[in-house]
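Student: The lines below spell out each chain.
Number of protein chains: 4
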Amino acid sequence: MTYEYKRVVKYYETDRMGIVHHSNYIRWFEEARVEFMREADLSYKTMEDEGIMIPVVSVDCRYKNPASFDDEITVYTKVRKYNGIVIELEYEVRRDSDAVVIVTGSSSHCFVDAKSFKPINLKRTRPDMHGKFAAITEDDR
Amino acid sequence: MTYEYKRVVKYYETDRMGIVHHSNYIRWFEEARVEFMREADLSYKTMEDEGIMIPVVSVDCRYKNPASFDDEITVYTKVRKYNGIVIELEYEVRRDSDAVVIVTGSSSHCFVDAKSFKPINLKRTRPDMHGKFAAITEDDR
Amino acid sequence: MTYEYKRVVKYYETDRMGIVHHSNYIRWFEEARVEFMREADLSYKTMEDEGIMIPVVSVDCRYKNPASFDDEITVYTKVRKYNGIVIELEYEVRRDSDAVVIVTGSSSHCFVDAKSFKPINLKRTRPDMHGKFAAITEDDR
Amino acid sequence: MTYEYKRVVKYYETDRMGIVHHSNYIRWFEEARVEFMREADLSYKTMEDEGIMIPVVSVDCRYKNPASFDDEITVYTKVRKYNGIVIELEYEVRRDSDAVVIVTGSSSHCFVDAKSFKPINLKRTRPDMHGKFAAITEDDR
Numbered sequence: 222m223t224y225e226y227k228r229v230v231k232y233y234e235t236d237r238m239g240i241v242h243h244s245n246y247i248r249w250f251e252e253a254r255v256e257f258m259r260e261a262d263l264s265y266k267t268m269e270d271e272g273i274m275i276p277v278v279s280v281d282c283r284y285k286n287p288a289s290f291d292d293e294i295t296v297y298t299k300v301r302k303y304n305g306i307v308i309e310l311e312y313e314v315r316r317d318s319d320a321v322v323i324v325t326g327s328s329s330h331c332f333v334d335a336k337s338f339k340p341i342n343l344k345r346t347r348p349d350m351h352g353k354f355a356a357i358t359e360d361d362r
Numbered sequence: 222m223t224y225e226y227k228r229v230v231k232y233y234e235t236d237r238m239g240i241v242h243h244s245n246y247i248r249w250f251e252e253a254r255v256e257f258m259r260e261a262d263l264s265y266k267t268m269e270d271e272g273i274m275i276p277v278v279s280v281d282c283r284y285k286n287p288a289s290f291d292d293e294i295t296v297y298t299k300v301r302k303y304n305g306i307v308i309e310l311e312y313e314v315r316r317d318s319d320a321v322v323i324v325t326g327s328s329s330h331c332f333v334d335a336k337s338f339k340p341i342n343l344k345r346t347r348p349d350m351h352g353k354f355a356a357i358t359e360d361d362r
Numbered sequence: 222m223t224y225e226y227k228r229v230v231k232y233y234e235t236d237r238m239g240i241v242h243h244s245n246y247i248r249w250f251e252e253a254r255v256e257f258m259r260e261a262d263l264s265y266k267t268m269e270d271e272g273i274m275i276p277v278v279s280v281d282c283r284y285k286n287p288a289s290f291d292d293e294i295t296v297y298t299k300v301r302k303y304n305g306i307v308i309e310l311e312y313e314v315r316r317d318s319d320a321v322v323i324v325t326g327s328s329s330h331c332f333v334d335a336k337s338f339k340p341i342n343l344k345r346t347r348p349d350m351h352g353k354f355a356a357i358t359e360d361d362r
Numbered sequence: 222m223t224y225e226y227k228r229v230v231k232y233y234e235t236d237r238m239g240i241v242h243h244s245n246y247i248r249w250f251e252e253a254r255v256e257f258m259r260e261a262d263l264s265y266k267t268m269e270d271e272g273i274m275i276p277v278v279s280v281d282c283r284y285k286n287p288a289s290f291d292d293e294i295t296v297y298t299k300v301r302k303y304n305g306i307v308i309e310l311e312y313e314v315r316r317d318s319d320a321v322v323i324v325t326g327s328s329s330h331c332f333v334d335a336k337s338f339k340p341i342n343l344k345r346t347r348p349d350m351h352g353k354f355a356a357i358t359e360d361d362r
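Line order of the protein sequences matches chains U, C, P and F.
Residue 240 in my numbering sits at position 19 of the first sequence; the count goes up by one each step and never skips.
Residue 359 in my numbering sits at position 138 of the second sequence; the count goes up by one each step and never skips.
Residue 236 in my numbering sits at position 15 of the third sequence; the count goes up by one each step and never skips.
Residue 238 in my numbering sits at position 17 of the fourth sequence; the count goes up by one each step and never skips.
Some hints here could point you the wrong way.
Any copy, or any two copies together, can satisfy a pair, since identical chains are not distinguished.
[Unchecked claim] Taking lysine to any residue pairs in the SDA-like style, the calculated list, with each CA pair at most 25 Å apart, reads:
1) Lys339 with Arg283
2) Lys353 with Ala320
3) Lys227 with Lys266
4) Lys339 with Phe290
5) Lys266 with Asp317
6) Lys227 with Arg345
7) Lys266 with Asp291
8) Lys227 with Thr295
9) Lys336 with Pro348
10) Lys227 with Arg347
11) Lys231 with Phe354
No lab work stands behind these hints, which were simulated from the structure alone.
Extracted from the complex, chain U is given alone in its bound form (with noise of 0.2 Å):
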């Protein structure tokens, strides 16, 4: 399951070199995860008001082709792997006009109780949550 999430290039995230900021992109990425999970029925929002929080583990990002201000792009993002401790999600950012690859990455996370920062394992203690994140992950065999 491939996850869309559009959006619009703000002038506030372009540098001067005329196009978007680097940094920017794991923004997006965030962007992307968040939304793609509240239509998981796994809003941010909410784990983190029942006291789970989702920390970033690891980042990249592979800058292809630049984008500039206005640029309609698409985030398509999937889950490509997800064992109740860990969870991993794959992006690639495309400009709608011309279908161009503008990056690709990738984010890890782990789930922490909000209060202790100590790691969760979503399988036993959260079971409702699991089957929702199993069914948004691709399966690869």
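Let chain U serve as the given structure and place chains C, P and F on it in line with the hints.
Tutor: Chains C, P and F in isolation, oriented as in the chain U frame:
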């Protein structure tokens, strides 16, 4: 008393116009304010740890000349009003190389309890801090 | 004419106070302005491509109530003054769920030649654009 | 040669988790890179003025421990590869007070002509700059 906060313009603070994006000056004001208060033994961090937050009530900025990547600038900061309940600061940003004024601005803040978000009068609740704030306030009489 | 720009609060826009960092509202004003102008067939991108930039001359913001992660908000935007040389806009940000006012603010801009950065009078140089700006300006008489 | 870039965590760099938002480390890497190059007489600004841009080809970051508002940190930066066409840097961010590793990461860049955006081989086109880059590159043999 005017506090001088020095800084270099970062690449990611520029926009496609080739100059500093106007929203960033609001962040520089905050940086200058934090360092000014640290200098006056009124560390933001310590105040928050002791349960006092200093939210922004209003802010304004007038843009005189553009600043560019790598410019060395100074934020000249003054407390123009303080009465235990409200604090108002004034800022002037100048480029070091030619003393050109980049922006001028001001911000107004109150003091609130970190838990209840209710206003606090520092004069009554924290006379120690009150004295330090009073000491750095401009006396225009 | 009031333009309504809808938006969700992003995670990266919050700060350690748990609310939207005050500098971000200045960016939302810009987003709303860009979309308002697009609606009026005055696309920022097109204007810049045709050699006209619209730098910010001043901005101010008054913070009424905090907004939080995932809040759905609307930026209500009006042109309160326009004369070919200067444009002034007013903004009011409200939370959709309870109509609470989050911030109010305004921004003032001029029009400049993208190469020389010299001021332009749209009324004389670009009567086509002038007419469109005049059409969206509030008539307070 | 390891370059040490010192910095304090800004308020606006924190998020509602109470820690530095993960996207900001990518910006710190840039800051460290810019200062490292300045130290090596390879000022970004000067290079851009002379028509050479250094876009990011890829970036990655692994998050080890959270940093908080007001933490004093150091970005330890090394050039791990350079051949005239590509440059790769490694970063390690540590908190000064306890030497705890906050994040590690790397970035890869190429050199392009500022007008055509076409790749440049510095070894051939700018032997003066090439020598300086070679001088700060780690020799792992």
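Student: Indicate, hint by hint, whether the structure satisfies it.
Tutor: Verification of the hints:
1. In this homomeric assembly, Lys339 and Arg283 come within 25 Å of each other (Cα to Cα) only across copies, at 18 Å, whereas the closest approach inside a single copy is 31 Å.
2. In this assembly of identical chains, the alpha carbons of Lys353 and Ala320 never lie at most 25 Å apart, being 30 Å within a copy and 32 Å across copies at closest.
3. Taking the closest pair of Cα atoms, Lys227 and Lys266 come within 25 Å of each other both inside a single copy (20 Å) and across two copies (19 Å).
4. Proximity of Lys339 to Phe290 under the C-alpha cut-off of 25 Å is restricted to the inter-copy arrangement: shortest distance 21 Å between copies versus 41 Å within a copy.
5. Taking identical chains as interchangeable, the C-alpha atoms of Lys266 and Asp317 lie at most 25 Å apart only when they sit on different chains, with a minimum of 17 Å there against 29 Å within one chain.
6. In this assembly of identical chains, the alpha carbons of Lys227 and Arg345 never lie at most 25 Å apart, being 34 Å within a copy and 39 Å across copies at closest.
7. In this homomeric assembly, Lys266 and Asp291 come within 25 Å of each other (Cα to Cα) only across copies, at 7 Å, whereas the closest approach inside a single copy is 29 Å.
8. Both within a single protomer and between protomers do Lys227 and Thr295 lie at most 25 Å apart by alpha-carbon distance, with minima of 4 Å and 19 Å respectively.
9. Within a single copy, Lys336 and Pro348 get their C-alpha atoms as close as 20 Å, which meets the 25 Å cut-off; across copies the closest is 33 Å, which misses it.
10. When the C-alpha separation of Lys227 and Arg347 is checked against a cutoff of 25 Å, the pair qualifies neither within a copy, at 30 Å, nor between copies, at 33 Å.
11. For a Cα distance limit of 25 Å, the shortest separation of Lys231 from Phe354 across copies, 21 Å, qualifies, whereas the shortest one inside one copy, 31 Å, does not.
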